[in-house]
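> Chains A and B supply the protein sequences, listed in that same order. Number 94 in my numbering belongs to position 94 of the first sequence; there are no gaps in the numbering. Number 397 in my numbering belongs to position 397 of the second sequence; there are no gaps in the numbering.
Check the hints yourself; a few may be wrong.
[Unchecked claim] List time: in silico DSBU-like cross-link candidates among lysine-lysine, alpha-carbon distance up to 35 angstroms:
{"#": "1", "chain 1": "B", "residue 1": "Lys272", "chain 2": "A", "residue 2": "Lys91"}
{"#": "2", "chain 1": "B", "residue 1": "Lys3", "chain 2": "A", "residue 2": "Lys2"}
{"#": "3", "chain 1": "B", "residue 1": "Lys550", "chain 2": "A", "residue 2": "Lys168"}
{"#": "4", "chain 1": "A", "residue 1": "Lys89", "chain 2": "B", "residue 2": "Lys360"}
The hints are simulated quantities; they were obtained by calculation from the structure and are not laboratory data.
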Amino acid sequence: MKPFNIYLTGVGGQGIGLISETILRAVDHGGHRVKSVDTHGLAQRGGIVVSQIRMGDAVFSPLIPDGQADLVASLERHEALRAAGTMLKRKGVLIYYNTVWQPLSVRLNERSEVSQTDIHSLCKNRGIKVISVFRDHLTDIRMQNMVVLAEICKRGLIPGIQQEHYEKAMADLMAGTMLEKNMAVFSAN
Amino acid sequence: MKKMADMLLRQKAFSEIVMGNTALVRAMVEAGTRVVSSYPGSPTPEIATAIASIPTAQRPFYFEFSTNEKVATELAYGAALNGHLSTVFFKSVGLNVAADTFVQLSLMNIIGGLVIVLGDDPGANSSQNEQDNRHYALLSYTPVLEPADPGEVYRFYLEAARLSQRLHMPVILRLTTHVCHAKQKVAFGAWQPQSPDDTPRFDSANGPYIPLTSLALEQKRTALDRLEQVRRHAEKSDLNQSVDNGNAKRGVITMGLPFLSLMETIGNVAAKPDILKLAYVHPLPRKTIIDFLSRHQTVKIIEELDDVLENQIKSIAFDEKIPVTIIGKTLTDDWIGEYTPDKVRQVLARSWPDMIPPDKVPAAPDPAPSRVAQLCPGCGHRSAFFAIKQALAATDITVADIGCHTLGFQPPYNMGQLLMCMGASTAMGSGLRLFNTSRNVVAFMGDSTFFHAALPGVINAIFNRHPITLILMENGTTAMTGHQDHAATGHNFNAATDKIPVRQVLEGLGVNHIFEVDTYQQAKLIERVKEALAIDEFSVVIARHPCMLKFTREQRKKPGYRRRQVTIDQDVCERIHTCVETFACPTFTRDAKGNITINTDLCIGDGSCIQTCPSEAIAPANQKKSGGAA
Numbered sequence: 001m002k003p004f005n006i007y008l009t010g011v012g013g014q015g016i017g018l019i020s021e022t023i024l025r026a027v028d029h030g031g032h033r034v035k036s037v038d039t040h041g042l043a044q045r046g047g048i049v050v051s052q053i054r055m056g057d058a059v060f061s062p063l064i065p066d067g068q069a070d071l072v073a074s075l076e077r078h079e080a081l082r083a084a085g086t087m088l089k090r091k092g093v094l095i096y097y098n099t100v101w102q103p104l105s106v107r108l109n110e111r112s113e114v115s116q117t118d119i120h121s122l123c124k125n126r127g128i129k130v131i132s133v134f135r136d137h138l139t140d141i142r143m144q145n146m147v148v149l150a151e152i153c154k155r156g157l158i159p160g161i162q163q164e165h166y167e168k169a170m171a172d173l174m175a176g177t178m179l180e181k182n183m184a185v186f187s188a189n
Numbered sequence: 001m002k003k004m005a006d007m008l009l010r011q012k013a014f015s016e017i018v019m020g021n022t023a024l025v026r027a028m029v030e031a032g033t034r035v036v037s038s039y040p041g042s043p044t045p046e047i048a049t050a051i052a053s054i055p056t057a058q059r060p061f062y063f064e065f066s067t068n069e070k071v072a073t074e075l076a077y078g079a080a081l082n083g084h085l086s087t088v089f090f091k092s093v094g095l096n097v098a099a100d101t102f103v104q105l106s107l108m109n110i111i112g113g114l115v116i117v118l119g120d121d122p123g124a125n126s127s128q129n130e131q132d133n134r135h136y137a138l139l140s141y142t143p144v145l146e147p148a149d150p151g152e153v154y155r156f157y158l159e160a161a162r163l164s165q166r167l168h169m170p171v172i173l174r175l176t177t178h179v180c181h182a183k184q185k186v187a188f189g190a191w192q193p194q195s196p197d198d199t200p201r202f203d204s205a206n207g208p209y210i211p212l213t214s215l216a217l218e219q220k221r222t223a224l225d226r227l228e229q230v231r232r233h234a235e236k237s238d239l240n241q242s243v244d245n246g247n248a249k250r251g252v253i254t255m256g257l258p259f260l261s262l263m264e265t266i267g268n269v270a271a272k273p274d275i276l277k278l279a280y281v282h283p284l285p286r287k288t289i290i291d292f293l294s295r296h297q298t299v300k301i302i303e304e305l306d307d308v309l310e311n312q313i314k315s316i317a318f319d320e321k322i323p324v325t326i327i328g329k330t331l332t333d334d335w336i337g338e339y340t341p342d343k344v345r346q347v348l349a350r351s352w353p354d355m356i357p358p359d360k361v362p363a364a365p366d367p368a369p370s371r372v373a374q375l376c377p378g379c380g381h382r383s384a385f386f387a388i389k390q391a392l393a394a395t396d397i398t399v400a401d402i403g404c405h406t407l408g409f410q411p412p413y414n415m416g417q418l419l420m421c422m423g424a425s426t427a428m429g430s431g432l433r434l435f436n437t438s439r440n441v442v443a444f445m446g447d448s449t450f451f452h453a454a455l456p457g458v459i460n461a462i463f464n465r466h467p468i469t470l471i472l473m474e475n476g477t478t479a480m481t482g483h484q485d486h487a488a489t490g491h492n493f494n495a496a497t498d499k500i501p502v503r504q505v506l507e508g509l510g511v512n513h514i515f516e517v518d519t520y521q522q523a524k525l526i527e528r529v530k531e532a533l534a535i536d537e538f539s540v541v542i543a544r545h546p547c548m549l550k551f552t553r554e555q556r557k558k559p560g561y562r563r564r565q566v567t568i569d570q571d572v573c574e575r576i577h578t579c580v581e582t583f584a585c586p587t588f589t590r591d592a593k594g595n596i597t598i599n600t601d602l603c604i605g606d607g608s609c610i611q612t613c614p615s616e617a618i619a620p621a622n623q624k625k626s627g628g629a630a
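If we strip away everything but chain B, and leave its shape as in the complex, we get (with noise of 0.2 angstroms):
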């Protein structure tokens, strides 16, 4: 068996089939990288999956996953400060909780060198929007560099290192989605392992690292020079690649994973335009751009999301009066969803239907039912809200949060009507309860969120007296992005730490009314929540269940483990279809007369529906032995 580890920490130059994430992490280890931190959030936590394959006494960084991604970047930073290089990385929205931090990023002087790991997620494949962060770069004048595939992500972060390293600036490394999940064989380098220099190289002499007054306005002069000279590096680098197909008339300005969706576009295209690949996408190479623009009659960009490079591109042409046509997006189709070669085949035909005929047939139908994710067998969540929709008035408010219970929104439960972000439930909640005396508002969050960003929320509910009630799904972990530890847990991603119990903390800020249930107990969390909601001061049920699919995974690994199912009598159902339809757990299955049955690849045994079924036809299975774990 080929392990992870080895391959990471190998010091002869190698090839191997991985994932754009893992390439990441083998770049990290061959640039000395000494410092990394980021919070969980698809599509980047199998970084985190690389990283813990090293054992923690072998690893030739630091890594932690912090509190959130505000904090995250901080820390970094702070190492960076000191002299080590440093990256974080998280999700494209998880920019905005960092935001306030890392927009400063860029007037300071950072030492050690600082890069900052996006995933972009275009085509909101498992986020709240598809969020361009480009524009963070420009308001930030962060330099981006943005790989096409796990080759460049490789390539391209040892640049962006060595980048950081030389001008003492942050330089962002975009991914996206599907770059961060590629897999292909990359050709890695040597690794030779150096002792580290730790010595704390802090001097507030190598700042100003205070940007008030009018030091803020010179570090933002030396934030535009650096820039300037991350520009003419740009110019001359070989990253930015060229493809020469001979053609004066046509060529293509793009980027990224697109420049991929182009190559399968043109495949059988007999006059192929030639390309522009970038891979500097800020600053621009301005030198490389203008000379490319004035070898074609016309140009077409074809960029993801929005029309950064098109503005850029555009306003350098109208500067240089370069006699060029440019054809940038041209329907507002061509700013949303991920740029597939499905995609790029559309946005090209329609600007060149003699290269690329347009599609004549739609693309075929889907010819079966759809299937949205679905909380797992035996969730405590749908526990929770099967007994939580029992204690609300159909006009009462749920607001939802981040995490798994947002699948709650979905019916048959129907269990928040409105999501923003992480931790906005109990602010959003409270704005629902001023003037509003009638319908009572419940906001719902998890865990790990109440620790990342649910507190000012919280405290504020307090603070200001907002007469609502929080439902905190406790499942001890972090569940939708695959099982991280966080502040309750009692372990960090290192080693054990003192657990931060999420009631102690309600204590410490005033709380005056807790109540504690664990979600399969459903009678019990009605009375507690219609309790709750009886109450006119701020009010919190704790609503606890482990993560089942966390839990039954460590169950198969233990020796003896057994198996459980639910099974159901047929003489006893009476076809009332409460467990199919209204508790809705994914084993019950419905045959075309009616007849429920459990499906037993699903079944976990957990008996959380055997309380739900009005005829008690819903017992647990004989237990048998199973052949465990695969």
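Chain A extracted, bound-state conformation (with noise of 0.2 angstroms):
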């Protein structure tokens, strides 16, 4: 198959480890040829966590060129902002979870904070496709990854995956009431 990129990005400690290593296992249940890569170290502490997947048989290094992701996923909206910004390509996706983690120049007030307009009118520019979710009455906003990757599978927006690929991954990377929790919120409309 063509290469299918997915960028998927956020702020340390809102679980784009699991999202990603979700996605990926989803792919190759999906019968697909897949690389990842996350960046670590300082990340975690506040800092910008991102995780690139790769699908695709002309795929070699794990690492997306600038501007060459086909979706990004964002948990956050600075994030989406920057990620559609550099990554996305002209007529790609952009799915974003419609919470803000302010970055400290926003905090100082040198900067404003990005609006969900700012992200509309790049996007309309690029003929970006922006999709925006959120839900009230999380238990655990941990779990906000999960809506996110709720609506990818709705939506189909990784070619080829569908539903029982995510919850087989779902299903390989947790037990018990971590997994139910979970899937109670993928599975939810």
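Assembling the complex is the task here: the two chains are given apart, and the hints tell you how they should meet.
Below, the structure is given as structure tokens:
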């Protein structure tokens, strides 16, 4: 198949690792060749966390070249704008969880907070399809990633990957109440 | 749920999606490795995470986190002299710490075999530099194998282990950040557990193991002879990979992750260059390279960081009088940063613009405000920096060290004006105090680092009477790299052990002025620091608070866990903004009008902020029962 590049981003502590590992394994269960790489290090201390997933036969590096992502999924609004602006192809798809973890420069009043309008105008200029998701009353903020994953699944944003593939992947990675709770968020409409 | 331990110990051959660091551990199991040691440092800590997934009793090898990389290397060496296949792993700059021992290893007859796994960090993702550790291999006569992906991590470790066992010499497996952290499906072999022969086989007759006077020169000759044997082996090795595109004009010699970036870059090129991808990067497979150079008019060398391949390959071409044009690095920029697909495209475009058209449009600028790493919500270091800053004069000098507390150098704290490496703050601070009677000097130090490399500097400050103040930022763990235990925690990697409390060490060394305070007690901390600064002798303030990231994670797992938060009374708040601008917990969020609210996703309700509000507008929120752990 043609290469398909997925760029996942967010802030340390949001659960990028789990959504990334789930997608990676779902793509594998879907029968596609896949590679990925995470950024670690200082990222877990409130910095940016990125995970890149690349599917397809003609993929070599685990790193996506700039501006070559087909799909960007962000768990935070500032990181959604950043990734859409630097990594996403024209006519690509951006899905983001509409929450804000303000960077230091915003908290120090040196820069303005990124608004939904900022994202929509950048994406309009580049023909990027934008999907914003949010769910009230989550018992644990670390399951915002499952809300994003559910939407990716429902809209078929990753070619050839179906609900059963995601569910199989989740069962690979979790057990007991953790699996139940995440599955409940993933399956809710 | 797939359990990592089951996979790592599976006896039948299988395929699984793994990270490079995990693939390495399966390779250790298959190779029959008996002793493994390390000190935590990115990009390697996940190797220990994989090891930790195997219960100690089932683990086919002994593992420990040693107090530093030098100690870890010495331990692995000692074990190997008893005949055990051993491995030591650590991050790039860890080799500087281990160097005094490491450079001697190739002189020794290491009967069990010893593999040194390095996590180099091109791009300095999580290190203070991006040093190219291939230089150490050259200066110490140590062979290097370098994989490009998790599958090669697995195969190359097996090769390195076999080679080291056969030739009784150290072998380096050099990984880089995005090889350690890359994930893909790897086909693993079968594993038949063997009952190991644990007879301590050390015999000085296997040596000499004492490299003194004329013996050292003989041992060097042996090292060079063995290196030559590795070269001959490398020339026949099928791990060096050749990609034949039938191009007699152009070839590329490359290695490691840059090979994958190159393949990515030339994907759509019609006349692709031939490629020689080296697995053995020291010593170079000379005949293989002569053959490749002889078959091409022009050869481009694509190597990350320094020109280690380039110099040697040019020298081979010169000696062999091969009529080939060799293009190495052409700009300073070629020496800097990770060779990502984007970087390799630029490097190649400069040499062969007809093949790779140079980028017409520059990379898109980042439209969002930058985001730097932060101390976590509730971090005791934040309270400490907020308070200590108030105890210091603007002209005082603050010296940072390595750890989470390094982040204090950033605004708004600006605590820590210079940084070098693990444990360096006390002695650098002592130097800054010489001929200096007008500016106080304060050095910061973490507790894990205290045991790792700080002790000689501390002892020196006592011994030579340097009147500086050391602030020990004690959080009870090795936080930055993922909460590993250290000598003061009462646990080692495998079991409970005796604590070595920092205070007792300092008292034993004869420090006369030791102050201790919990960092959440900000007023008290300010007083203690002022007292310490007033003393004209070496003084220590132990600024203690447990790592709240670790603490909160542990609390969440407990039954009846209640999530805590603070709240801001908007009627009381006077928009002074100390909380958001000076204390600067990431929890405080500013709206366009300057109102401050709590980010409930982030707040852990530790309350260390409450005392910082001049208007007393911050208070604990009503506690509500949470859904508990996810």
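> For every hint, state whether the structure bears it out.
Tested hints:
A distance of roughly 30 angstroms separates the Cα atoms of B:Lys272 and A:Lys91; the hinted pair therefore holds under the 35 angstroms criterion. In summary, the hint linking B:Lys3 to A:Lys2 is supported, as the alpha carbons are separated by about 32 angstroms, within the 35 angstroms threshold. Between B:Lys550 and A:Lys168 the alpha-carbon distance is near 30 angstroms, which keeps this suggested pair within the 35 angstroms criterion. A hinted pair counts as satisfied when its Cα atoms are at most 35 angstroms apart, and A:Lys89 with B:Lys360 qualifies at roughly 16 angstroms.
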